[in-house]
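Protein chains: 2
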Amino acid sequence: MAPEMDQFYRSTMAIYKSIMEQFNPALENLVYLGNNYLRAFHALSEAAEVYFNAIQKIGEQALQSSTSQILGEILVQMSDTQRHLNSDLEVVVQTFHGDLLQHMEKNTKLDVQFIKDSRQHYEIEYRHRAANLEKYMSELWRMERKRDKNAREMKESVNRLHAQMQAFMSESQRAAELEEKRRYRFLAEKHLLLSNTFLHFFGRARSTLQNRVLLWKEQSEASRSPSRAHSPGLLGPVLGPPYPSGRLTPTRLDMVRPWAPPPLFAPPPIPAPATAPWGPRPPPWSLLPPRLPVYAAPLGRPFLPGAASAPPWWLGRRPQNPYADVWDWGWGLD
Amino acid sequence: MAPEMDQFYRSTMAIYKSIMEQFNPALENLVYLGNNYLRAFHALSEAAEVYFNAIQKIGEQALQSSTSQILGEILVQMSDTQRHLNSDLEVVVQTFHGDLLQHMEKNTKLDVQFIKDSRQHYEIEYRHRAANLEKYMSELWRMERKRDKNAREMKESVNRLHAQMQAFMSESQRAAELEEKRRYRFLAEKHLLLSNTFLHFFGRARSTLQNRVLLWKEQSEASRSPSRAHSPGLLGPVLGPPYPSGRLTPTRLDMVRPWAPPPLFAPPPIPAPATAPWGPRPPPWSLLPPRLPVYAAPLGRPFLPGAASAPPWWLGRRPQNPYADVWDWGWGLD
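Heads up: the protein sequence lines correspond to chains W and X, in order.
Start counting the first sequence at 5; every next residue gets the next number (our numbering).
Start counting the second sequence at 5; every next residue gets the next number (our numbering).
So here's chain W without its partners, still in its complex pose (with noise of 0.2 Å):
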């Protein structure tokens, strides 16, 4: 058989060696791996669901507070962001789970049979018309040298069965190509899929949380006010229930709309933090040791006890936080 039909053969068979040994084995292994990947999904989402909801808890209790009612609604309101964001990250992993891992898994299981099938059939076929092929032509070797007079049919039916062989090996080529491209395209266009699904869940997450994070920051800043507010001297309303009852049913509201303007019980905003009850602040905790807090700051308004009655320890004097600046630590943005 002429070296370039072999040649021709050889590479037909490689193509479907490296479907059944390359591409169906890899894609299977995909299939596993996907599915881990999966997994490691639903953990998270687990894992994050969880954690925001002890963040809704938290801030319900500030809710319940005198001092802390819009920042409970906003630490409420970041749970409930996270819940839309869970959700929209399930599509994405239902795409991946339905419309990719299934698919291949299906088509390794149906593709081992038919390629095995395709090459054997291509292998016997080929091997078949070559044996043909090799009788007719050493059949028209014999008769031209015994320049015998149907030489002449003989060799119209060598060159008939030689270009039937040229389109077989062609046609037979062309037919393993398209099956191995078909499966590199199918794989390419379903991560294609998936890409595209993670593209829109980001284009949603990141329009979902722009406006909430400028709502938050400008309520977390308007909560920046003197507790004074809060405890408008011994007379005052403080002495009624601790916070109005109905308080959290509008607050409910707010959640599901966060573009929302801040709420009117929204306290004035400070003149500057040296006006801070304990006068001005020691540097930050993170700066010294652990230790007891000190006892060190003046009263905002001085006073003396009637000295007679007061304990040798106590001179006017009360616990201050050594390390407030650790808490008041201002969520540096921009």
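No wet-lab data here; the hints were simulated from the structure.
Certain hints may be false.
Since the list can't tell identical chains apart, any single copy or any two copies may satisfy a pair.
[Unchecked claim] With a cut-off of at most 27 Å between alpha-carbon atoms, the simulated BS3-like pairs for lysine-lysine come out as follows: (1) LYS21 <-> LYS61; (2) LYS61 <-> LYS120; (3) LYS61 <-> LYS110; (4) LYS113 <-> LYS61.
Given the coordinates of chain W, assemble chain X onto it according to the supplied hints.
Chain X only, in chain W's frame:
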């Protein structure tokens, strides 16, 4: 002691109690849940990386093929993109760990002793002042009954002590409220930082994917070409090495600039799918029960082998992919 004083006292004590018994334990729990959340993030990045490394290997196989080099590029670029997204996500994870969890953990540890001391101090000081005031008042009452000439001075002392008591109560209430509000604001502002980091991540991820998904779609559509393009007949270059050996290098380069124009070797688009080598396709396999491939499709170019020598089962038929449409799925984006 006057009842409003007593109520004021209980409300201040309640604030310390809620910090000690609600806020701080909740924050500790949050740190624990946050660490689980972090672990889930890391597990997801790992799973994604393993999955897309497998995609990359398949893509590199495709680059070695004679039919699917563009598709191989797309797959390799997809896994490259995934690596970008993973490293962007790492920024979020670092913020969460370094700027939230670690600070939250440190603060709760620091807080316990300080709040305990403040509360105890307030309690002792209140009882001391209350007792002192009671003593002076009963003394005044005694003197007034006896019409004592010093009653007037004593009345002044009582008034002074009472004013000091009021000042002390208000200051203490404000101090407690400040501490409570500080803690809720700390939590809200820290999570505002986290939300903002997520916002930036989503924005970056979106713009990274946007260009690439478009390019991949173009390239994948360009790759829908007749396999004829790859097997130009028996004596064509396909009989040389199945792929140009320098092929891999330019691909690596394309990876880092996926917005580059489709490579030059992109085959011309096909006029119509009707010209597929095996003629019209059967209905998608998904509609048929799994079975051995059928042998039903006529050849693109019919030919007849020497009838005498053909095996009985061979009548110019060959295996046809019964579920071609399962592979030739089209990525259905638009």
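What label fits LYS61 with LYS110 when the C-alpha limit is 27 Å: within, between, both, or neither?
-> between (45 Å within a copy, 21 Å between copies)
If the cutoff is 27 Å on CA atoms, where do LYS21 and LYS61 land: within, between, both or neither? Let me know, please.
-> Classified as between; 17 Å across copies, 60 Å inside a copy.
Is the C-alpha distance from LYS61 to LYS120 at most 27 Å within one copy, between copies, in both cases, or in neither?
-> Between. Shortest inter-copy distance 23 Å satisfies the 27 Å Cα cut-off; intra-copy 60 Å does not.
Given a CA cutoff of 27 Å, do LYS113 and LYS61 count as a within-copy pair, a between-copy pair, both, or neither?
-> Cα proximity of LYS113 and LYS61: across copies only (21 Å, versus 49 Å in one copy).
Figure legend: structure checked against the earlier numbered hints; every hint is met.
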